[in-house]
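Novice: Protein chains in written order, with this note's numbering: chain E, 325 to 533; chain S, 2 to 279; chain C, 25 to 544.
Incorrect hints may appear among the rest.
Partial list, derived from the structure: chain E residues whose beta carbon lies under 10 Å from chain C [stated by the list, open to error]:
id	residue
1	S342
2	P387
3	T435
4	L437
5	F441
6	A473
7	S525
8	S526
9	R531
Pairs of lysine to aspartate or glutamate residues, derived as EDC-like cross-links and limited to a Cα-Cα distance of at most 16 Å, are as follows [claimed, not checked]:
id	chain 1	residue 1	chain 2	residue 2
10	E	K520	C	D357
11	E	K520	C	E439
12	C	K315	S	D74
13	C	K315	C	D253
14	C	K315	S	D16
Facing chain S, from chain E, some residues (calculated, C-beta under 7 Å) [what the hints assert, rightly or not]:
id	residue
15	V353
16	V360
17	L392
18	L396
19	I423
20	A519
21	T521
If you're looking for bench data, these hints aren't it; they were derived computationally from the structure. Backbone N, C-alpha and C define an ideal beta-carbon position, used for all residues, glycine too.
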Amino acid sequence: MPKTTAPDTTTGFKPNYSHIPVTKQWRVVDYVVTAVLGISVGLIFWVLALSWKVLELGFQAFPPSIGLIAGLWVLAGPLAAIIIRKPGAALLCEMIAAIVEAVLGSHFGATVLLSGFIQGLGAELIFAAFGYRKFSLWVTSLSGLLAAAFMSVSENIMYNAEWQLGFQAAYAVCAIISGIVISGIGAWFAYRAIAKTGALSSFASGRMR
Amino acid sequence: MSDLTNAPAKVEVQDPGQLIPVVRSTPLVRCNPLTKIAVALILMVGALLSIDLVSAGVVLGFTLIGLPATGLDMIAALKRLWFLPLGALLAAWGTAILAEKSGAVLVDLGPILMTAGSLDAAAAIFVRTLALAIPLIVLASTIDPRDLSDALIQHLRLPEVVVVSVLAASRLLGLLVIEWQTLSMARRARGVAGGSIARRTRSLFAGIFVLLVQSIRRGTTLAMAMEGRAFGRPGRTWRRQSVFGAGDGVAVAVSLGVCALAIVAAHALGTWNPIIAG
Amino acid sequence: MALPITARGFSWQHADRDEPAVGPINLHIAAGEKVLLLGPSGAGKSTLLHAIAGVVPSESGTATGELLIGDCPPDPRRGETGLVLQDPDSQVIFSRVGDDVAFGMENLGLPAEEIEARIASSLARMGLALPQSHPTAALSGGQKQRLALAGIHAMRPEIIVLDEPTANIDPDSAGAVRDAILETQAATSATMVIVEHRVGLWLDHVDTVVVLGRQGLITQGPPRQVFGDPQIAGELRECGIWVPEDPEAVANREPMAGNRATRATPNPAPGSTGEVLLRTHRLGVARPRAKVAAATDIDFDVRAGEALGIIGDNGAGKSTTALTLAGLISEFDGEVNAFGSLRSGAKQARPFRWPSAFLAPRIGMVFQEPEHQFLTSSVAEELALGPRLAGWSSSDVDERVEELLHVLGLETIAEAHPQGLSGGEKRRLSVAAMMAPRPRVLIVDEPTFGQDALTWAGLVELFLDVLARGSSVVAVSHDHSFLDAIGARRIELGQPAANASPATLSEAASDRLSRSERVE
Ligand SMILES: Nc1ncnc2c1ncn2[C@@H]1O[C@H](COP(=O)(O)OP(=O)(O)OP(=O)(O)O)[C@@H](O)[C@H]1O
Ligand SMILES: Nc1ncnc2c1ncn2[C@@H]1O[C@H](COP(=O)(O)OP(=O)(O)OP(=O)(O)O)[C@@H](O)[C@H]1O
Ligand SMILES: [Mg+2]
Ligand SMILES: [Mg+2]
């Protein structure tokens, strides 16, 4: 088959193999896929919540080290932001994930809604700071970092209130490290794997070349 | 509203996309979705504020007594929710080992030391976990996403494009069970299912990833189909009016009563143990 | 008020492809015109329809030229277009039948009473006689297609775009569904574009035929002019368009009429002499967790070298039966047992009990929805998977893959991701992937939908090859010419009242009588 004539010779839409969405306006597909991501991550959260107490046992030697896996709680935000690339995606997705987790039922109950909001906000702020124009591994890691930082502060108030300050600080450090590794770098590689299957062809994030 | 809702009692064919099927139409089932959410949240507050056996026990007891009012298929519910008591038990176990050791020593197996105090705490955690989880799951199972979107848009004035898109996608959550069955069938037909534990684990994770990717694709097509039917056009109307009836008032009043009872009883019996130290 | 559609040098290229999906085309469709869009599989018909409906996300590729609906570029938010996608499975929006039909009307802002009235009548016109509270997750393939059509019927849009609207609908009621679509068109004198491979059903009812080739438009004109000219007709045949045999055949109302329907049927086992491979005994089938059977008392043998066609109305339980036969879901009642060479080496007679690695090389199953069964990330890998697992040498595997790619015209997309193909390409790939390891029994669910004449013939050739090698084929199909072509004995699953609209019921019943004579 012959190659087409160069696209720029004719009028009409411009070619846009860009990594930044054409507009910041949300399309229907953005909402739907954000919800799909939120639901999927919500399922992971739910399984994690159910096994949380057991996991805690494994970190008994030094309780604050549980922070080393707590970073998983902020996965939804960076993942949605890097895929959808629209303002608010991280927040919306983390909220949906929290709602799913709550509805499926875990002993954290409705408090997860509050956590979801705080963590989503953390992830969102980084992308906002870059004006939703920069989507790289670094930005995603930063977003995982801030989300985890927000999380550790709120968790220290909500769940770890009786710990001494030193423990709380240690928890925060552990959480931030895991936030960067699991929810920042991890989200980035999850996104790359999804994009490789061609499933993101409707998104700017799907342009791998 | 009851005449316009699809009274689930009339459904002869069960919805394979429902987590727990509703088999009878009861006044509670016919309540507005917002009422159900409110009831769940109110009950939750009753069990949330304090970690103690009494307040959680009141909420859980009431929930269990009220279960028949939800019209759910109890056997299916048991099959779906068996993990809840299990999870609660694990949580309790963790607590029994970790909690402050006070009172008489009851169990002493080297590292596993349980005392009257820690067992008390464990029992409270067990009951509280169930009391927090069950009302929300049970009530959420009786909500048709469609009714919920009507209510959210008409009463809470949430943006309709967002609500309808998210709820249409949430239908995929119910479908995940069927999708998983289909995917397992496909893997079996292709000869990649079964085998050693390592292979099974690997194919489990591969399957989860495929499911995720499939859901994203489905979501993309779904968005196309929705736009193809004029979705996003301003001036949307609703087939049904979401309304509140007397039943809604009763449900909220009863749940407020239970919540108050839980808190008062815990104070009266001296077990009140608030989560935010005060 | 209908709107015209104009394309000037319009083309669309998916971002991950090297060639445009729709070649640059110039096209004018007048307001209120009824257009039948034809073209070989993969020519870009679906893509063009999506562009007309304005639902292709601008991020997903590059457009050139311009496409106008009336005077402006397409925009779904104006609410003038009603689109039915090719894949019936992923366009179900809500979980109840009534709500799903109402969706489009609500978007258009119709008053509630009007919506209620139209839901019932549209469902009835599409022959979906189910309560409005029926769960959409429990619909069969054809029922989902009817549901999507009912949604458009109720909307009465000014532009109707339908992608293979009757591909999954049983032939007995395809005519009734078509009439209901035409009635919608007449009500608003909408501009209508329909994609369909089998021209017979629509030919008398459209004003214009547009033929899309891989490089652009091939021809456009009234049906008689396009098919009447022997030279054009020959050209069309060459690129795979189903052409009615002669001008008289234009009047042929037989839904599944195609130019190859009369192909000779070299059935290798006329007297059913081959050994029995599978036998059902008082079989009742149902989906997992369903409480009532979808079909009951099914008794038949599957013999080596023999082709068996399972036919029946939408929702009759054909797909469920196929899945049960393939050992993928458990029998609801009665049993399925394997015999002879199929059974040899197995401890259990019921295929449902076989481990996956044992089952796969013996019984192959092609699902009704192709996207369900793809496991790898490229077309070629997908074809190689079965033979590789069956322990073929790598040169044999490569040879087999080459052969299948060639026969089915998939060479150019050998490296593409299976989920990113056109509807017909996905169907061919799913059939070929299951055929690749040469199972003893091949069970296929609607193997020919979305195929043009050439790819259809390619599939038939492959099936005849399977039969000639002594394997057996069980085909669930609405495509009678396909069943004829592979010389299939027919088994009809019945459950008449559920779907047929009152108008077609008596017709269908009499047809069933005459057809049952052909059934052993
Ligand atoms: N989402 C996608 N991403 C990349 N390529 C695609 C996508 N969808 C379709 N294509 C490719 O674009 C070309 C045209 O596809 P299209 O679905 O429009 O064909 P079609 O004419 O409808 O074929 P069929 O009759 O088989 O349905 C095909 O080569 C197909 O592989
Ligand atoms: N996942 C499901 N869960 C429950 N019931 C289902 C499911 N899928 C289909 N059904 C129901 O089972 C019956 C048989 O469905 P099946 O898919 O076997 O029909 P079919 O004969 O293949 O129809 P079609 O020609 O439309 O594909 C139908 O009445 C359908 O409504
Ligand atoms: Mg197509
Ligand atoms: Mg079927």
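Novice: None of the hints should be skipped; say for each whether it holds.
Specialist: Structure-based check of each hint:
1. S342: holds, 9 Å
2. P387: violated, 43 Å
3. T435: violated, 29 Å
4. L437: At about 24 Å, which exceeds the 10 Å cut-off, the nearest Cβ of chain C leaves the hint on L437 of chain E violated.
5. F441: violated, 28 Å
6. A473: violated, 32 Å
7. S525: holds, 5 Å
8. S526: holds, 4 Å
9. R531: At 6 Å from the nearest chain C Cβ, R531 of chain E passes the 10 Å test, so the hint holds.
10. E:K520 <-> C:D357: Distance ~44 Å between K520 of chain E and D357 of chain C Cα, so the pair is violated.
11. E:K520 <-> C:E439: Roughly 13 Å separates the two Cα atoms, so the pair holds.
12. C:K315 <-> S:D74: Holds, at about 14 Å.
13. C:K315 <-> C:D253: Since the Cα atoms of K315 of chain C and D253 of chain C sit roughly 56 Å apart, the hinted pair is violated (cutoff 16 Å).
14. C:K315 <-> S:D16: holds, 11 Å
15. V353: Interface hint status for V353 of chain E: holds (4 Å vs cutoff 7 Å).
16. V360: At 4 Å from the nearest chain S Cβ, V360 of chain E passes the 7 Å test, so the hint holds.
17. L392: violated, 17 Å
18. L396: violated, 15 Å
19. I423: violated, 9 Å
20. A519: Check failed: Cβ of A519 of chain E comes no nearer than 10 Å to chain S, outside 7 Å.
21. T521: holds, 5 Å
The structure fails hints 2, 3, 4, 5, 6, 10, 13, 17, 18, 19, 20 (numbered hints given earlier, in ascending order).
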